[in-house]
Amino acid sequence: MSTADFAAFSNNAIAFASVVYVFAFVAHLAEWAFARSVPVTAPAGSSAVAAAEPVAVGTSGAPVTSGVDTPGGAAGASYDRRADEGRAEDGRAGRGPDAGELSGRALSVEKLGRIGVALTVLAALLHLAGLVTRGLGSDPVRVPWGNMYEFSVAGAFGVTLIYLVLLRKYALRWMGVLVTAFEVVVLMLAVLLLYVPAGPLVPALHSYWLVIHVVAAVIGAGAFAVGAMASALFLVKARAEARGTLRTTGYVARLPESSVLDRIAYRVHAFGFPIWTFAALVAGPIWAEYAWGRYWGWDPKEVWAFITWVVYAAYLHARATAGWRGKGAAVIALIGFATVLFNFVGINLFGSGLHSYSGLD
Amino acid sequence: MTAPAAPPSSPPALTPVELGRWAWRQLTSMRTALILLFLLALAAVPGSIVPQRDIDAIAVGRWQDSHPELTPVYEKLGLFSVYDSVWFSSIYILLMISLVGCILPRTRVYWRGMRARPPKAPRNLGRLPESRSFAVDVPPASALSAAREALRSRRYRVDVHEGDAGRGGSVAAERGYLREAGNLLFHVSLLVVLVGFAIGSLWGYKGGVIVVNGQGFSNSLSQYDDFAPGALFGPDDLSPFEFTVDDFRVKFLESGEQAGMPTEFSADLTYTERPGAPEKKYDLAVNHPLSLDGGSVFLVGHGYAPRVTVRDGEGNVAYQGPSIFLPQDSSFASFGVIKVPDALPEQLGFEGLFLPTYGFSMERGPYSRFPDALDPVLSLLPYRGDLGLDTGEPQSVYELDKDKLDVFEKDTGADFRLDIALGQTKQLPNGAGSITFDGVDRWVKLQVSDSPGKRIALGGVLLAITGLLGSLFIRPRRAWVRVREEDGRTVVELAGLDRSAGGDLGDEVDELERRLRERLAAGALPDPDASPVTTGTNPRKE
Chain A
1 MSTADFAAFS
11 NNAIAFASVV
21 YVFAFVAHLA
31 EWAFARSVPV
41 TAPAGSSAVA
51 AAEPVAVGTS
61 GAPVTSGVDT
71 PGGAAGASYD
81 RRADEGRAED
91 GRAGRGPDAG
101 ELSGRALSVE
111 KLGRIGVALT
121 VLAALLHLAG
131 LVTRGLGSDP
141 VRVPWGNMYE
151 FSVAGAFGVT
161 LIYLVLLRKY
171 ALRWMGVLVT
181 AFEVVVLMLA
191 VLLLYVPAGP
201 LVPALHSYWL
211 VIHVVAAVIG
221 AGAFAVGAMA
231 SALFLVKARA
241 EARGTLRTTG
251 YVARLPESSV
261 LDRIAYRVHA
271 FGFPIWTFAA
281 LVAGPIWAEY
291 AWGRYWGWDP
301 KEVWAFITWV
311 VYAAYLHARA
321 TAGWRGKGAA
331 VIALIGFATV
341 LFNFVGINLF
351 GSGLHSYSGL
361 D
Chain B
1 MTAPAAPPSS
11 PPALTPVELG
21 RWAWRQLTSM
31 RTALILLFLL
41 ALAAVPGSIV
51 PQRDIDAIAV
61 GRWQDSHPEL
71 TPVYEKLGLF
81 SVYDSVWFSS
91 IYILLMISLV
101 GCILPRTRVY
111 WRGMRARPPK
121 APRNLGRLPE
131 SRSFAVDVPP
141 ASALSAAREA
151 LRSRRYRVDV
161 HEGDAGRGGS
171 VAAERGYLRE
181 AGNLLFHVSL
191 LVVLVGFAIG
201 SLWGYKGGVI
211 VVNGQGFSNS
221 LSQYDDFAPG
231 ALFGPDDLSP
241 FEFTVDDFRV
251 KFLESGEQAG
261 MPTEFSADLT
271 YTERPGAPEK
281 KYDLAVNHPL
291 SLDGGSVFLV
301 GHGYAPRVTV
311 RDGEGNVAYQ
321 GPSIFLPQDS
331 SFASFGVIKV
341 PDALPEQLGF
351 EGLFLPTYGF
361 SMERGPYSRF
371 PDALDPVLSL
381 LPYRGDLGLD
391 TGEPQSVYEL
401 DKDKLDVFEK
411 DTGADFRLDI
421 ALGQTKQLPN
431 GAGSITFDGV
441 DRWVKLQVSD
451 SPGKRIALGG
461 VLLAITGLLG
471 SLFIRPRRAW
481 VRVREEDGRT
491 VVELAGLDRS
501 AGGDLGDEVD
511 ELERRLRERL
521 AAGALPDPDA
531 SPVTTGTNPR
541 KE
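Protein sequence lines correspond, in order, to chains A and B. For the first sequence, the numbering used here gives the first residue as 1, with consecutive numbering after it. For the second sequence, the numbering used here gives the first residue as 1, with consecutive numbering after it.
Some hints here could point you the wrong way.
Rough simulated footprint, nothing fancy, chain B against chain A, three-plus residues with beta-carbon under 8 Å [what the hints assert, rightly or not]:
hint, segment
1, 276-285
2, 301-314
3, 319-333
Chain B is nowhere near these chain A residues, computed Cβ spacing over 10 Å in every case [unchecked claim]:
hint, residue
4, F9
5, N12
6, A15
7, L29
8, S103
9, R105
10, L166
11, L178
12, A232
13, L349
Read the hints as simulated data drawn from the structure, not as lab findings. Predicted, not measured: the structure shown is a model, and the values here were computed from it. We put the CB at the ideal spot given by N, CA and C, even for glycine.
Sequences are here, hints too, so could you generate the full structure?
Structure (structure tokens):
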């Protein structure tokens with residue numbers, strides 16, 4: 001294939017990936033729509049217990065409710081609970097008059113969820129193919145993140161990647177609807193507003209630090225995005241638990257307990273924070289020293305990377321401070337992700353400074 | 001930072017010493033640290049919105065010109081140099097004090113904890129968050145030593161408490177001491193980074209200079225166009241290197257939708273590290289600076305310097321050479337002036353644009369179609385009169401002082417303008433002289449700077465990350481095993497306790513149980529009955 005062919009294929013792959021993300025999103029929406037009429041199968045009131053004692057954490061939920069010693073604690077348990085619905089209906093046959101119908105619906109819920117994940121994987125593969133061919137579609141061949149369009153596409157891929165990598169470990173399927181919605185919005189905005197044709201890099205980006213710095217920033221920001229989704233859902237779930245408005249059906253009811261959401265959010269953030277530190281405070285400054293002759297110069301991009309770092313540092317501290325745990329920390333995490341987004345969108349497009357590589361005039 | 005104990009919310013009316021102690025506790029509390037972190041984040045924001053003097057002095061001037069009423073207010077608030085301002089500094093200094101006030105006591109606690117023995121087993125192991133209990137047919141003493149080995153193999157620090165005369169006993173174990181060490185290392189490293197940063201801003205310097213192709217530069221204060229020294233930097237600290245810019249090359253994309261984008265630029269330097277040292281060559285490019293002892297040279301920009309010859313009204317060459325024109329946009333249409341103080345009978349001045357690839361349209365007038373010098377044209381407005389160079393006041397080389405200058409006029413009364421193509425000579429009206437466009441030189445903008453302490457800062461951040469990884473991913477844990485005789489068999493109880501949130505304690509205790517059973521089986525006769533008696537998991541408070 002010629003350079004131009006690669007570039008054209010990249011555009012098609014990204015467009016195709018967006019469409020598949022839309023389908024994945026619809027599948028997850030349908031999953032939750034069906035779930036509205038299927039009660040959560042954990043013993044009724046287990047959530048109410050959790051609400052009465054919201055500090056129960058980690059392994060506490062698993063063996064008590066399911067009798068299965070699940071690795072990964074309650075996160076795994078709540079996942080298995082749902083996964084088991086299709087297979088082990090016997091134990092629940094006596095739940096009510098509509099048991100047969102209910103279990104059929106439960107099966108659909110499970111199927112739709114799996115379809116959503118499968119479509120997300122497919123979309124991610126197309127997304128990756130689009131990125132790779134974008135790099136091959138430039139002469140000379142280069143990394144596919146040299147302007148705003150490419151940053152958006154690469155950054156969005158980072159979010160899907162983190163989600164899929166952690167999907168099994170933390171049983172994140174409940175996050176699928178948010179992740180796919182995020183991908184659809186970002187890719188569409190990138191294609192509609194930010195697109196520039198493939199071409200060579202500006203000289204300022206001729207450096208292997210472009211690979212190290214940007215890859216680290218993308219992974220760190222991707223983790224923050226996934227963490228923000230977990231924190232947002234934690235707030236929703238914790239609110240329902242605290243108010244006692246938790247029903248037995250619907251999306252909120254099927255989310256893991258708030259303590260589990262909190263723990264997942266923490267782990268993802270704890271993974272992202274050192275990587276962000278490396279991207280913003282090690283790789284960035286070293287490159288800046290080579291390129292501009294100063295390792296830190298309070299350029300707007302640097303200022304906001306620093307602000308992001310400080311906010312997430314506050315998040316980690318808040319988790320260890322009485323009165324800030326839980327809700328306070330989750331709000332801080334959301335603020336942190338807002339600063340990431342502002343740094344990316346606001347500073348690239350409206351700001352001046354040395355990091356203006358948007359490629360848009 | 002200093003953990004739980006919430007400080008009192010209002011100061012008790014007490015002696016100065018107690019008040020001081022109260023204030024210190026307030027300052028070093030985690031709550032205060034959190035608030036200071038937020039303040040730091042907030043305080044950093046204005047510097048990314050209002051132009052900053054240290055970053056772009058020209059932008060500051062432009063902003064001040066268009067906001068004359070806000071300027072004095074902003075000036076007072078230090079908004080044009082946020083990161084040196086009193087309020088920004090006081091936030092991070094308070095934060096650092098709070099940090100020190102937190103590290104010191106925690107180091108003391110950690111030191112004691114390190115040397116202490118793991119705490120003895122609680123009376124009822126079954127009440128701990130994770131516990132297992134099973135019976136085996138192994139003598140209690142062997143079971144106890146098997147427990148010790150099992151815990152050691154998981155890298156626990158182990159302390160054995162023998163019971164009376166071979167009747168069992170207990171093992172206390174603890175691991176994950178490095179978590180707190182990582183935490184402390186992280187916070188100390190931040191201080192190291194700050195020290196490195198401070199060294200750089202006190203003893204460092206940053207200067208900018210424009211050098212035309214073929215010309216040289218020697219590292220002394222008078223050679224710089226702009227120079228920003230650190231507070232403790234002296235001009236004698238400049239190391240005496242010299243260099244000449246032999247050539248500068250730039251390539252632009254010539255076709256495609258991104259035509260005009262530069263793809264590559266680099267400059268050939270010949271340099272000597274100190275007078276008398278051998279000459280060396282260097283290919284200077286973006287991302288490829290020349291690093292010398294006591295300073296590095298960076299290529300930060302480039303532009304055009306048209307070469308002209310100006311003859312005055314008496315026919316003599318009054319000026320010859322390149323003049324630096326500053327690019328206005330990505331098409332490299334560049335603005336500049338040519339001053340001819342030696343022209344007779346009147347001084348001459350020229351102001352206008354250099355267009356590397358000439359284009360003309362009715363809407364825009366003359367403009368540049370492409371950034372490379374493919375069809376260069378000078379479009380100048382000539383002036384005559386007094387350039388004002390004799391007043392003694394310093395003047396910018398990029399501006400004409402037009403107080404005592406007049407334009408030439410056409411017969412129609414319009415200003416007389418010259419469009420000169422490369423190689424052309426144009427006459428000024430009324431025999432005032434002529435100007436010849438001889439050629440085009442390029443110039444490079446170089447930055448020479450030194451930031452001592454950068455290695456300290458880098459080392460500090462790397463240590464901080466190391467500490468961070470330890471403090472986030474090492475799990476401090478305690479585990480206990482108790483062995484006792486019951487009905488002729490040996491009952492083994494095993495329990496674990498996480499000292500940090502978010503661990504998988506159940507997995508850990510399972511693994512301990514597996515290792516313990518392995519050792520029990522190896523150490524004693526095979527025991528088919530070694531099945532669990534109970535498995536307990538208790539909810540715990542975080």
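How the hints compare with the structure:
no., hint, in the structure
1, 276-285, "holds (count 5)"
2, 301-314, "holds (count 8)"
3, 319-333, "holds (count 7)"
4, F9, "holds, 18 Å"
5, N12, "holds, 18 Å"
6, A15, "holds, 19 Å"
7, L29, "holds, 31 Å"
8, S103, "holds, 29 Å"
9, R105, "holds, 32 Å"
10, L166, "holds, 14 Å"
11, L178, "holds, 22 Å"
12, A232, "holds, 19 Å"
13, L349, "holds, 14 Å"
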